[in-house]
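Please work from the sequences and hints to get the whole structure.
Number of protein chains: 2
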Amino acid sequence: MPFAEQVLNGDIRAAARLMRDIDDNRPQAVDDLKQLYPRTGQAYIIGITGPPGAGKSTLVDQLTASFRAKGKKVGVVAIDPTSPFTGGAILGDRIRMNRHATDEGVFIRSLATRGAMGGLSRSTSDVALVMDALGMDIVIIETVGVGQDEVDIVKAAHTTCVVMVPGLGDDIQAIKAGILEIGDIFVVNKADRDGADRTARELNTMLEYRMAPEGCWNPQVFKTEAQRGTGIEELVSEILLHRDHLISSGTIDTFLRERDERHFVDILRDSLYKKVLDYMATDATLDRILTGMGNRTIDPYSAAEQVLEGMLGER
Amino acid sequence: MPFAEQVLNGDIRAAARLMRDIDDNRPQAVDDLKQLYPRTGQAYIIGITGPPGAGKSTLVDQLTASFRAKGKKVGVVAIDPTSPFTGGAILGDRIRMNRHATDEGVFIRSLATRGAMGGLSRSTSDVALVMDALGMDIVIIETVGVGQDEVDIVKAAHTTCVVMVPGLGDDIQAIKAGILEIGDIFVVNKADRDGADRTARELNTMLEYRMAPEGCWNPQVFKTEAQRGTGIEELVSEILLHRDHLISSGTIDTFLRERDERHFVDILRDSLYKKVLDYMATDATLDRILTGMGNRTIDPYSAAEQVLEGMLGER
Chain E
1 MPFAEQVLNG
11 DIRAAARLMR
21 DIDDNRPQAV
31 DDLKQLYPRT
41 GQAYIIGITG
51 PPGAGKSTLV
61 DQLTASFRAK
71 GKKVGVVAID
81 PTSPFTGGAI
91 LGDRIRMNRH
101 ATDEGVFIRS
111 LATRGAMGGL
121 SRSTSDVALV
131 MDALGMDIVI
141 IETVGVGQDE
151 VDIVKAAHTT
161 CVVMVPGLGD
171 DIQAIKAGIL
181 EIGDIFVVNK
191 ADRDGADRTA
201 RELNTMLEYR
211 MAPEGCWNPQ
221 VFKTEAQRGT
231 GIEELVSEIL
241 LHRDHLISSG
251 TIDTFLRERD
261 ERHFVDILRD
271 SLYKKVLDYM
281 ATDATLDRIL
291 TGMGNRTIDP
301 YSAAEQVLEG
311 MLGER
Chain W
1 MPFAEQVLNG
11 DIRAAARLMR
21 DIDDNRPQAV
31 DDLKQLYPRT
41 GQAYIIGITG
51 PPGAGKSTLV
61 DQLTASFRAK
71 GKKVGVVAID
81 PTSPFTGGAI
91 LGDRIRMNRH
101 ATDEGVFIRS
111 LATRGAMGGL
121 SRSTSDVALV
131 MDALGMDIVI
141 IETVGVGQDE
151 VDIVKAAHTT
161 CVVMVPGLGD
171 DIQAIKAGIL
181 EIGDIFVVNK
191 ADRDGADRTA
201 RELNTMLEYR
211 MAPEGCWNPQ
221 VFKTEAQRGT
231 GIEELVSEIL
241 LHRDHLISSG
251 TIDTFLRERD
261 ERHFVDILRD
271 SLYKKVLDYM
281 ATDATLDRIL
291 TGMGNRTIDP
301 YSAAEQVLEG
311 MLGER
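Residue numbers (our numbering), protein chains in the order written: chain E, 1 to 315; chain W, 1 to 315.
Any given hint could turn out to be false.
Cβ-to-Cβ under 10 Å is the rule here; a few derived chain E residues that face chain W [claimed, not checked]:
| id | residue |
| --- | --- |
| 1 | I12 |
| 2 | R39 |
| 3 | M280 |
| 4 | L286 |
27 Å max Cα-Cα, derived DSS-like pairs, lysine-lysine [to be verified]:
| id | chain 1 | residue 1 | chain 2 | residue 2 |
| --- | --- | --- | --- | --- |
| 5 | E | K155 | W | K223 |
| 6 | E | K70 | E | K275 |
| 7 | W | K275 | E | K155 |
| 8 | E | K34 | E | K275 |
| 9 | E | K34 | W | K223 |
| 10 | E | K274 | W | K275 |
| 11 | W | K70 | W | K223 |
| 12 | E | K223 | E | K275 |
| 13 | E | K275 | W | K274 |
| 14 | E | K274 | W | K72 |
Covered, in the sense of this in silico footprint (three residues per stretch, anywhere, with C-beta under 8 Å from a C-beta of chain W), are these stretches of chain E [unchecked claim]:
| id | segment |
| --- | --- |
| 15 | 25–35 |
| 16 | 255–262 |
| 17 | 272–279 |
| 18 | 298–309 |
What the hints contain is simulated information worked out from the structure, not anything from laboratory work.
The structure displayed is predicted, hence computed values, not measured ones.
The C-beta atom is built at its ideal place from N, Cα and C for all residues, glycine as well.
Right, dumping it as structure tokens:
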């Protein structure tokens, strides 16, 4: 029986194997995803992003517990961008989630895709689809928000929570418009620390500058102490409020269409890239180009144009 | 007169304009790059990477001063990955470089490319080529090492220096193999701080585990206080030693070929992607696919295959 069928029957082990195939970029995963696709679109996706050390994993742990208490099945996709500098930390954090280890209503996967650029947002979307097909009501995507890649990842979420902490010093001053644009909800975690009120106030001031027009969603700032569970219920209520707003205002249609476009274009770009590599492998094209670049008789820009013309013909 | 010709005549203003066109991804920049390419390959490229707050900008400033004192022209490409969390800081750092502002032998550009994934490493290579064509002897690429994108960027450098600081706490423990692989030289900056010796010792221990075979380059750990200029000359000597090793051992040939391949493939992928967007724009293909995805009658994997077959024919 193919993985897809097993996943639709709620088989956790088959889902785990399919996700590993996705992470490893194996071609057979695509056939399973094709079969799953028509049965997806039910899960509500929540993105959690913020700088290293903001306590995102603990927050995700608490959100998971809260949604479980409401009878919801929860999937968690934790993204490890295989940073050479913070790489190991995230896996360590995962250990904290252990209290859900024996709960069949919780499914946690770490994605560690390295290499292919743009591949990470595609794999994340694909893994979220598998969790969706598996029957998870809530899918939480947790990512360290450090680069454009990670920003693209959270764009797949219906509701994005940006998590900050007090005492980041200059860094908090350095927040640019970018962070305000991706957050539907802002969280100041570790709110028992000195400077929490100041951080919240600064965020509020920045948000006021870009007050949304009437009828639009206005992001609010929440304070939490994830370690002690303080502020979690308020945060969950706000997430549900944002979901209601998406639906009642009709903005969910635009959101879904834009998200589908990004997902489709990611897939298309990946496939295209594989075709080019195949094409160049058929003769010694790449070798000839690299030799030419080496002695400066060929430039890579003209070479790329020639390869494309060869592939696409004179159309 | 096209920019390319002006750049080859050493016109700084034309070079700045061409770099802006590259950063903005304007098609006409490609014609200039084609003309410049045969005249490049002279500059020595140094990559400086490390976590935020490691003092990379100050170090780059000191390296620039040292190479200038040796009569070398220095270009600096500072990469701002437009992180929503650290975005503003890097531009602020640039102000410190002001002491070179009136020196015609120093050319500094910040790259802020956002959006297109993989675009950043391509733009960086292109901008480094322009600096090369302009006659810069040394090109320093400075990037915050946080994700795969940034790791790809420093792979364009002949010599990569990985900069660490004492007191990163747990983070230093979290260093994985990745960081060891990209560094040709390791720098513990802010070496006057508590824990500098411990950080250096830990790095040394990790490096010993992967002692290179005889005849290969063995990365060393250097301590610097960039703020006071301490340790800079030793670092510069080591960089020059690494350059000599690359040449005398012949590994430079492999390095250049791999670097050229990445650059070419980046360009090819970009061009191909533009072709696909053009192709889909000719009729309502994308619109039809997105509508189908919305009501789950089309899956994005099959849709991508169909578009590719349409573009490439039955080959």
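| Any of the earlier hints contradicted here, and which numbers? | Failing hints, ascending: 1, 5, 6, 9, 12, 14.
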